[in-house]
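In the order they appear, the protein sequences are chains A and B. Each residue of the first sequence is one higher than the one before, starting from 1 at the first, in the numbering used here. Each residue of the second sequence is one higher than the one before, starting from 1 at the first, in the numbering used here.
Please keep in mind that the hints were generated in silico from the structure rather than gathered at the bench. These figures come from a predicted structure and were not determined experimentally. Cβ coordinates follow ideal geometry from the N, Cα and C atoms, glycine included. If a hint is listed, it holds; no wrong ones were tucked in.
Listed next, the in silico DSBU-like pairs over lysine-lysine satisfying Cα-Cα at most 35 angstroms (straight line):
(1) A:Lys-16 - A:Lys-51
(2) B:Lys-186 - A:Lys-51
(3) A:Lys-16 - B:Lys-186
Over 10 angstroms on every C-beta distance to chain A, these chain B residues come out as not near it, computed from the model:
(4) Arg-17
(5) Pro-90
(6) Phe-109
(7) Ala-146
Stretch by stretch, here's where chain B covers chain A in the computed footprint (C-beta under 8 angstroms, at least three residues):
(8) 42-51
(9) 64-74
(10) 91-99
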Amino acid sequence: MPVSAASSRQLYEGLKACGVRLLSVLPETWLVHLVALAEADPEMTLVRLAKEEEGVGVSVGAHLAGVRSAMLMQNHGLLASVNGIVSLAQLYRVPLLMLVSYRGGFGEEHPWQTEGGAVTEDLLRALRIPYLLLARADQVAARLREAQALAEASLRPVALLLCRELMWEE
Amino acid sequence: MLRLEAMRAIYPLLAERVVVTNMGAAPAELFSLGHRPGFFYVEHSMGLASSVALGIALARPELTVVALDGDGSVLMNLGTFTTLARHRPPNLLHVVFDNEVLLSVGRSFTTATATGSDLAAIAAAAGVPRTGTYRTPESFAAACTAALTAAELAVLVAKVEPTGPASYLIDLHLLENRFQFERHLKGERR
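Starting from the given sequences, assemble the full structure and let the hints guide the process.
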């Protein structure tokens with residue numbers, strides 16, 4: 001599978017370095033290696049969800065309980081999580097580190113990904129969620145650290161969009 | 001039975017535990033019985049009280065967490081039963097007060113439990129090991145005690161009347177509640 005194993009490992013090691021010990025996840029193709037790494041790691045609690053919005057609740061609970069967490073999902077999962085993000089994470093000022101695979105952009109071959117791809121950044125701006133595009137493996141560790149620092153300082157959600165250049169090897 | 005009666009019957013079980021509620025009547029009534037720093041009221045974001053409780057239960061296995069939910073809320077996130085069953089935290093009790101209506105918008109707005117949807121049966125079919133439906137405060141409290149004693153994931157449904165408090169506002173701002181709760185959980189760390 002052309003999902004980048006090297007970038008997935010960088011992302012996973014970056015999350016571990018940030019102290020993340022719980023991942024709430026709804027897998028998609030680009031995230032398979034990341035999920036497998038979490039599954040194989042006895043230090044990580046992997047919470048498999050039925051729908052992404054549950055992950056907002058799980059991560060909020062983990063944060064209040066003193067455990068660092070992150071959400072792993074596709075951008076369509078972000079769309080499915082909006083009320084939880086607004087009415088739980090933002091309303092209650094809880095930091096939420098969201099790693100979102102950015103499907104539906106340039107190079108996308110699946111028609112069903114394209115509408116979500118087209119609205120992802122506008123949605124994040126509308127929700128006032130700070131975000132950065134993550135396209136290069138050598139930036140992963142630093143961007144994760146910075147995203148978590150901002151989430152914890154602002155007590156708000158922060159998103160990193162995992163781009164095709166990072167996650168996919170043609 | 002009244003939700004307040006059901007809640008009063010289990011209040012001694014809640015007082016020293018971690019409690020996460022849904023919005024509306026349940027937090028107002030629990031607050032009226034006596035607020036504790038281990039009580040967290042998830043106002044709004046319907047359906048996520050049990051998800052928050054799951055996050056706490058998995059993050060802190062040494063704590064016992066009780067989620068107090070409603071039929072309208074849980075119907076917005078039925079997948080939560082499958083997620084709870086999949087992870088099966090032994091330190092989580094999920095209570096659903098089922099009054100068969102969306103009470104805050106009026107008694108005429110019935111939920112699907114009014115037309116036969118059985119939340120305990122749905123939870124059981126999702127794989128939750130311990131489930132039940134109760135119609136008296138005594139039987140409900142006994143079932144809660146048994147679930148907590150057994151240390152086994154449970155979804156227990158209390159059938160209650162569609163009545164609630166005069167006001168849903170409580171004299172504790174949600175951010176005050178949130179920071180107090182987080183600090184309390186930090187203090188509970190062993």
